[in-house]
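Student: Sequence:
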Amino acid sequence: MNNELSCQELVELVTDYLEGALSEMDKERFEAHVSVCYDCHSYFDQMRHTIRLIGRLSESALNPTVKDELLSLFRDWKKELPPADE
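Everything in the sequence shown is counted per this note's numbering, starting at 7 for the first residue and increasing by one.
Just so you know, these hints were derived from the structure itself, not from any lab. Treat the hints with care, as some may be off.
Restraint-style ranges between C-beta atoms, simulated for each label pair [unchecked claim]: (1) Ile60 to Glu34: 23 to 29 Å; (2) Lys73 to Ser12: 26 to 32 Å; (3) Ala38 to Thr71: 20 to 26 Å; (4) Pro70 to Met31: 38 to 44 Å; (5) Leu59 to Glu18: 19 to 25 Å.
Capping the alpha-carbon separation at 30 Å, the derived lysine-lysine pairs in DSSO-like fashion look like this [stated by the list, open to error]: (6) Lys84 to Lys73; (7) Lys85 to Lys73; (8) Lys84 to Lys33; (9) Lys85 to Lys33.
Idealized CB from N, CA, C, for every residue including glycine.
My request is simple: use the sequences and hints to build the entire structure.
Tutor: This is how it looks when you write it as structure tokens:
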């Protein structure tokens, strides 16, 4: 069985990793991939930074319209990601 994590799998697991919700094996696979894949390392750093910044906002500080637009952009972006086997 191939134990390496693909870039697509990393994208799907990044939130669980940041929340400490991965199994030890998946955590190790995640960290191994990030250590050798420049694109995923950059993506991970951007996600970590974004989550840290968003965590500083109070719920009322984010206009509901802006929140909806951001969520829509994120969903559209995820749809454009290549399949895991590419």
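Student: Any of the earlier hints contradicted here, and which numbers?
Tutor: Number 3 only.
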